[in-house]
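Undergrad: Residue numbers (the working numbering), protein chains in the order written: chain A, 1 to 115; chain B, 116 to 227.
Among these hints, one or two may not hold up.
Derived DSSO-like pairs: lysine-lysine, alpha-carbon spacing no greater than 30 Å straight-line [stated by the list, open to error]: (1) Lys185/B / Lys219/B; (2) Lys62/A / Lys51/A; (3) Lys171/B / Lys219/B; (4) Lys171/B / Lys184/B; (5) Lys44/A / Lys185/B; (6) Lys51/A / Lys185/B; (7) Lys27/A / Lys71/A; (8) Lys27/A / Lys141/B; (9) Lys27/A / Lys44/A; (10) Lys171/B / Lys185/B; (11) Lys27/A / Lys51/A; (12) Lys185/B / Lys141/B; (13) Lys171/B / Lys44/A; (14) Lys219/B / Lys44/A; (15) Lys141/B / Lys44/A; (16) Lys44/A / Lys71/A; (17) Lys219/B / Lys62/A; (18) Lys219/B / Lys141/B; (19) Lys62/A / Lys141/B; (20) Lys71/A / Lys51/A; (21) Lys171/B / Lys141/B; (22) Lys44/A / Lys62/A; (23) Lys184/B / Lys141/B; (24) Lys219/B / Lys184/B.
Simulated from the structure, these hints should not be mistaken for lab results. The model shown is predicted, which means the values in this text are computed figures rather than measured ones.
Each chain is listed here by its residues.
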Amino acid sequence: NAGVMQNPRHLVRRRGQEARLRCSPMKGHSHVYWYRQLPEEGLKFMVYLQKENIIDESGMPKERFSAEFPKEGPSILRIQQVVRGDSAAYFCASSLDRGHYNEQFFGPGTRLTVL
Amino acid sequence: SQQGEEDPQALSIQEGENATMNCSYKTSINNLQWYRQNSGRGLVHLILIRSNEREKHSGRLRVTLDTSKKSSSLLITASRAADTASYFCGSYSGGGADGLTFGKGTHLIIQP
């Protein structure tokens with residue numbers, strides 16, 4: 001009964017490189033959410049996806065950030081041309097149904113460090 | 116104040132005592148969810164309380180919800196050193212947004 005899985009757990013990138021973060025939801029869950037957490041802060045919602053669709057990207061920065069959740073495989077959060085301000089912990093959550101009525105279960109996070 | 120704001124920011128108590136944390140939110144909710152986060156780790160789901168519920172229990176945890184005051188509280192009874200963590204409440208900010216909104220959390224320290 002695996003929970004939400006994220007990899008890598010730690011990622012180091014130099015400024016200008018690309019970062020790819022992967023998330024596999026809990027078995028049977030088709031709703032995925034990405035959050036970002038800066039040090040000493042709460043989590044900030046970025047994007048909500050269902051299989052093959054972005055439903056709500058109201059928290060996503062307009063440039064350099066993109067997300068996908070293909071029919072097969074994990075959800076991917078992609079950050080192009082990373083800058084130091086992108087250094088944060090990125091968490092993925094999944095739910096059985098749309099989150100307003102269901103628990104969101106979180107993965108262990110990916111800690112991105114931009115040098 | 117922001118949606119899902121926890122209070123106090125930090126709380127230090129002796130092992131065995133009870134710990135109470137509060138959360139305020141601004142817009143109408145369908146449910147409110149409490150989470151625990153150990154240092155450097157992900158969030159662990161504790162309790163979901165629906166808007167038509169006033170109180171919910173899970174082991175040593177008790178959550179209350181007052182929709183008239185737009186507030187919730189989390190009570191941990193008979194605290195243990197392992198309860199040391201940050202606690203967050205998550206709620207939806209309305210407008211159809213699907214992401215939970217969290218405050219900065221309450222950092223709870225249990226002194227042995």
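Undergrad: Decide, hint by hint, whether the structure agrees.
TA: Results of checking the hints against the structure:
1. At most 30 Å may separate the alpha-carbon atoms for a hinted pair to count; Lys185/B and Lys219/B meet this at roughly 18 Å.
2. For a cut-off of 30 Å, the pair hint linking Lys62/A to Lys51/A stands: about 22 Å separates their Cα positions.
3. At most 30 Å may separate the alpha-carbon atoms for a hinted pair to count; Lys171/B and Lys219/B meet this at roughly 23 Å.
4. Note on Lys171/B and Lys184/B: the hinted pairing holds, with a Cα-Cα distance of about 17 Å set against a maximum of 30 Å.
5. Restraint check for Lys44/A and Lys185/B: the C-alpha separation of about 20 Å stays at or below 30 Å, so the hint holds.
6. Of the supplied pair hints, the one linking Lys51/A and Lys185/B is violated, its CA atoms being roughly 34 Å apart against a limit of 30 Å.
7. Between Lys27/A and Lys71/A the CA atoms are separated by roughly 14 Å; this keeps the pair inside 30 Å, and the hint holds.
8. Distance hint between Lys27/A and Lys141/B is unfulfilled; the C-alpha atoms sit about 33 Å from each other, more than 30 Å.
9. Distance check on the hinted pair: Lys27/A and Lys44/A sit about 24 Å apart at the alpha-carbon level, within 30 Å; holds.
10. Between Lys171/B and Lys185/B the CA atoms are separated by roughly 16 Å; this keeps the pair inside 30 Å, and the hint holds.
11. Taken as a hint, the Lys27/A and Lys51/A pair is honoured in the structure, with Cα atoms around 13 Å apart against an allowance of 30 Å.
12. A threshold of 30 Å between alpha carbons decides the hint, and for Lys185/B with Lys141/B the separation of about 7 Å falls inside it, so the pair holds.
13. For the proposed pair Lys171/B and Lys44/A, the alpha carbon gap of about 26 Å is at most 30 Å, so the pair holds.
14. Taking the CA atoms of Lys219/B and Lys44/A, the gap is about 10 Å. The hint holds against a cut of 30 Å.
15. Proposed proximity of Lys141/B and Lys44/A is supported: the alpha carbons are some 16 Å apart, at most 30 Å.
16. The hinted pair formed by Lys44/A and Lys71/A meets the criterion: a straight-line CA distance of about 26 Å does not exceed 30 Å.
17. Restraint check for Lys219/B and Lys62/A: the C-alpha separation of about 24 Å stays at or below 30 Å, so the hint holds.
18. Simply put, Lys219/B and Lys141/B have alpha-carbon atoms about 15 Å apart, close enough for the 30 Å limit, and the pair holds.
19. The straight-line distance between the Cα atoms of Lys62/A and Lys141/B is roughly 26 Å, inside the 30 Å bound, and the hint therefore holds.
20. With a C-alpha separation of about 6 Å, the suggested pair Lys71/A and Lys51/A falls inside the 30 Å cut-off, and the hint holds.
21. The suggested pairing of Lys171/B with Lys141/B holds, with an alpha-carbon distance near 21 Å, which does not exceed 30 Å.
22. At roughly 15 Å between alpha-carbon atoms, Lys44/A and Lys62/A fall within 30 Å of each other, so this suggested pair holds.
23. Between the alpha carbons of Lys184/B and Lys141/B the distance comes to roughly 9 Å, so the proposed pair stays at or under 30 Å and holds.
24. Of the pairs offered as hints, the one joining Lys219/B and Lys184/B holds, with about 20 Å between alpha carbons and a cut-off of 30 Å not exceeded.
Of the numbered hints stated above, those contradicted by the structure are hints 6 and 8, listed in ascending order.
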